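**Q** Work from the hints to combine the two standalone chains into their complex.
As you go down the protein sequences, you meet chains A and B in turn. Going by the working numbering, the residue at position 264 of the first sequence is 264; the numbering climbs one at a time, nothing skipped. Going by the working numbering, the residue at position 32 of the second sequence is 32; the numbering climbs one at a time, nothing skipped.
Keep in mind that the hints were calculated from the coordinates and are not lab data. It should be emphasised that the depicted structure is a prediction, and the values quoted were computed from it without experimental measurement. From the three backbone atoms N, C-alpha and C, an ideal C-beta is built for every residue, glycine too. Be careful, since some hints might not be right.
Said to hold, decoys possible - Estimated spans, in silico, between C-beta atoms of each pair: (1) Ser-57/B - Tyr-96/A: 29 to 35 Å; (2) Ser-165/B - Phe-105/A: 42 to 48 Å; (3) Pro-166/A - Gln-158/B: 21 to 27 Å; (4) Tyr-96/A - Thr-16/B: 22 to 28 Å; (5) Arg-163/A - Arg-156/B: 28 to 34 Å; (6) Glu-133/B - Asn-271/A: 44 to 50 Å; (7) Ile-12/A - Ser-165/B: 37 to 43 Å; (8) Asn-271/A - Thr-81/B: 50 to 56 Å; (9) His-220/B - Leu-80/A: 51 to 57 Å; (10) Asn-77/B - Ala-127/A: 40 to 46 Å.
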Amino acid sequence: MISANLRRRHLIASLFRWSCIAVTGVAVAILCVLIYQVTTVGMPWLDLQFLDSFPSRFPEKAGIKSALYGTIWLVGLTALFAIPTGVLAAIYLEEYAPNNRFTRFIDINIANLAGVPSIVYGILGLALFVRFFHLERSVVSGALTMSLLILPVIVIASKEAIRAVPQSLRQAAFAVGATRWQVTRAHVLPSAIPGILTGVILALSRAIGETAPLIMIGALTYIAFVPEGPMDEFTALPIQIFNWTARPQQEFHELASAGIIVLLVVLLLMNSVAVYIRFRGSRREK
Amino acid sequence: MNVDLNEKSSEQNNVTSDKPKILDIRDVSIAYGGELAVRNVTLPIFEKSITAIIGPSGCGKSTLLRSLNRMNDFIENVDQTGVISLKGDDLYGADTDPVEVRLKIGMVFQKPNPFPKSIYRNIAWGPTINGMEGDIEERVLTALKQSALWDEVKDRLQDSALNLSGGQQQRLCIARALAMEPEIILMDEPCSALDPVSTSRIEDLLFELKEKYTIVIVTHNMQQAARVSEYTAFLENGVLVEFGDTDQVFTRPANQRTEEYVTGRFG
Ligand SMILES: Nc1ncnc2c1ncn2[C@@H]1O[C@H](COP(=O)(O)OP(=O)(O)OP(=O)(O)O)[C@@H](O)[C@H]1O
Ligand SMILES: [Mg+2]
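Just chain B, with the same shape it has in the complex (with noise of 0.2 Å):
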């Protein structure tokens, strides 16, 4: 693939908010083994609020979300450029641990991957290890709440929890990132696996958690990004083709291929 890299495709609109940028995303580009799947890339992430990534599959979603909080580095090949910055400080900083990086950003993941462990020790683990302050016990209780996860699982925390259904254990890693109290969340298709009535009680459970964190999802599901989003990112090809307030990028969108995805007449 032979792009011009200084194509500035982006017909971003000046984006304002009230809100203070958490996250500054410069002109970000990621190759994999030479193949850019992310293009000059330049986004602002709102604190408290939550942002939807949308675009077709392939177009490097992931690839820009993994970014975030450092998981790339886990990925043989991935050479990077650009600068990613939590509250000014570079992510990719010679001085920077990603390990700090990861405990400020959470994630979860597409696929629910809880721990081969009892539910409990899935959510006290991360807080253990860390040699968090308080009581872990009240911490895995709250954080087994606001997921929405508590009633269904408070007889039976030392089952194991693989045991669970799916929509369940999605919640069950959605407590186990809220338990380390990270500043964001990252969410890759949380809800891809997951039938209508536990999707939708995630999207509930969105719309409490962005009171306290800050959070970024990537979906496929144009009704979700519409829904629980106050700001949607479309991607394409690893450019970022427009970003917006939803409201304005799901009814007025800039760019014309925005339309016909957002639309459903794309391709």
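The following block holds chain A by itself, in its conformation from the complex (with noise of 0.2 Å):
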């Protein structure tokens, strides 16, 4: 009796088990492929000449240039806005807010913030930052917009991670006579930087893909100039990418795939930074 019971448990146990790792390989496979097939029709194409040129109407001369710089300025502005601003907000909403129902608002609303679609942002950061703050479509309007929409993300990424450091390291901290911010700064954060590091790539990686509010605030498409400062106007990776899949001729669909492995490129090495961060950090740890 019990020895069918339990058959039929090992049994469920491991068709549970396999069909985890059928899934799991269906995924794999998916990108596989997709890396594949954007590896050889792209890799032709990427060379010295492709990154260093802005685009061209003939696709031997074109280049990636312009949409790279545009979206390192991006990336690199939006992550100086929007991380200090978010993880502040976390630690803010964590540890210091009281827990009534005004901290209760913000965050059911910061969730519902991260739900909503990036081109409402975009229509958001054409009026503010665009029209009513007169910066015009410039890499700081595209940053700006782009914090908000990865903002809920860093702050809901942050604030579980602060919340998963357990209560008895703070007892323990605040026992020994600490103020509220040593705790934070001394046990807290350290504790929460890899969680924290993962929610900031995983929105960082979003800013880096998004499109269409970059489309609604106006970042151009041809740009033969490299942005020299916060206030220039710019374009970005997935606009040219998206640009090239867009004409009818095939060579630029082959450049888009070049486009997308630099797009890839970057971030992998956007990852790999992060990986440092927390290597360095546990070690600080001991």
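**A** Written out as structure tokens, the structure reads:
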């Protein structure tokens, strides 16, 4: 009786295990096909000339320089605006804010904001930064709009990471006469940093790939210069890629693949920076 | 729970001591969201002595203990009435800084909670952030020796504290509290996660510490209370049922509930 029951439970367990493996396999396989497809098509076009040229009507002369610089400016400024704001907001909400209805109201609405379509942020950016503050179609306008877009993601991930720090650690620190800030600075933040970084990377990856809000605020597609300062006009990688795929000629489609490779490499570089910071953090912990 | 708040249930013998009172707990009641956990407790703590708080699970021992160095401040929905004073200064006065209270009254928790840092940093952090005078390194060594941990860790002060055994971690937490040179050390069941050997080491330690410090210890272990403490308070349902010399409480309890509890015929 018991052994029959046990056999059935083992059967269910292994069924579940194999479905998990299958689903993971499918996801990884699709990713591999995608990367294979993109690299075989795009690799031949990927050279220094491609990285160092501005867009052109002639595929062999066309390059991604303005978009690459634009994206670096955009992500850099977005990180500058969004990371401190988001992390500080999360610290406030978790460590300082009283647990009352107002705080809960803010919490819920931050979660709601994370679900707002990016085009809506584009409209907001257009009205607020481009028009009202007269920042025009500059990198700053783009970065501020992107910051609004990713702020909820950073706040939510940071809040989760901070909440996961055990209460006993805070109590230990308070019990040796630390102030709230000393506890947060020396114990809560170091323990929460890996989780916060994961959220930051997810958010910045989203910023790097977003196109709609940039189109909305008027990031140009044909730009034959790189931004020299935050007030310059700009374009970004996904906009350039989109622009190439929209053209009829086959060569431009292949250029788009090369552009995607560049985008992925930038993303991987960003991720590795985060991994490095985490590694250094965990070593210093000891 | 509807219990008459004015019910004066404690049959306190008028405990006299040649030692001065360091803490004065007067008519303290503590409630969580309206639910009373400590009811009208009045209790003196004498200087350079060990006071044990005993009582069944959930009777409010930890709550009372936490109120003595304002660790209840971090719990939501806590209401507290009554007066607690340290050598005459109200711990909850309007111009009292809770950080200063915790500097004078240290705490060791039920579960060892070392910082996820090196053994050295665990002890050095408190004195450093408080800008305490003197050589920090000296202070760390002294604290480690006082807590009988020195011999086991002297060669690996830079190792993570998380690699220590549970008993070692708890002694590290005691060292961390000692390094602050508080006047009073509160201990909430410091041995509950420890084996008998570690427990007896900590008990030995307590004997030495009471030369310099005042200790309030919560324990479920009757033998421990009887062995280490000079005064014992018995709490039940948030009410202080009996307080007196440990000898008297264990051998000639004035209250029948106390007698049932200390002899194990409780319930
Ligand atoms: N943070 C809290 N929020 C709400 N109620 C609490 C909280 N902490 C304790 N209580 C309640 O207060 C009462 C006393 O709890 P306390 O932790 O002081 O008991 P204790 O005597 O330390 O018990 P134990 O011996 O099991 O540790 C219990 O009824 C408990 O449920
Ligand atoms: Mg307790």
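**Q** If a hint holds in the structure, say so; if it does not, say that too.
**A** Now the hints, each set against the structure:
no.	hint	verdict
1	Ser-57/B - Tyr-96/A: 29 to 35 Å	holds, 33 Å
2	Ser-165/B - Phe-105/A: 42 to 48 Å	holds, 46 Å
3	Pro-166/A - Gln-158/B: 21 to 27 Å	holds, 23 Å
4	Tyr-96/A - Thr-16/B: 22 to 28 Å	violated, 47 Å
5	Arg-163/A - Arg-156/B: 28 to 34 Å	holds, 33 Å
6	Glu-133/B - Asn-271/A: 44 to 50 Å	holds, 47 Å
7	Ile-12/A - Ser-165/B: 37 to 43 Å	holds, 39 Å
8	Asn-271/A - Thr-81/B: 50 to 56 Å	holds, 55 Å
9	His-220/B - Leu-80/A: 51 to 57 Å	holds, 54 Å
10	Asn-77/B - Ala-127/A: 40 to 46 Å	holds, 43 Å
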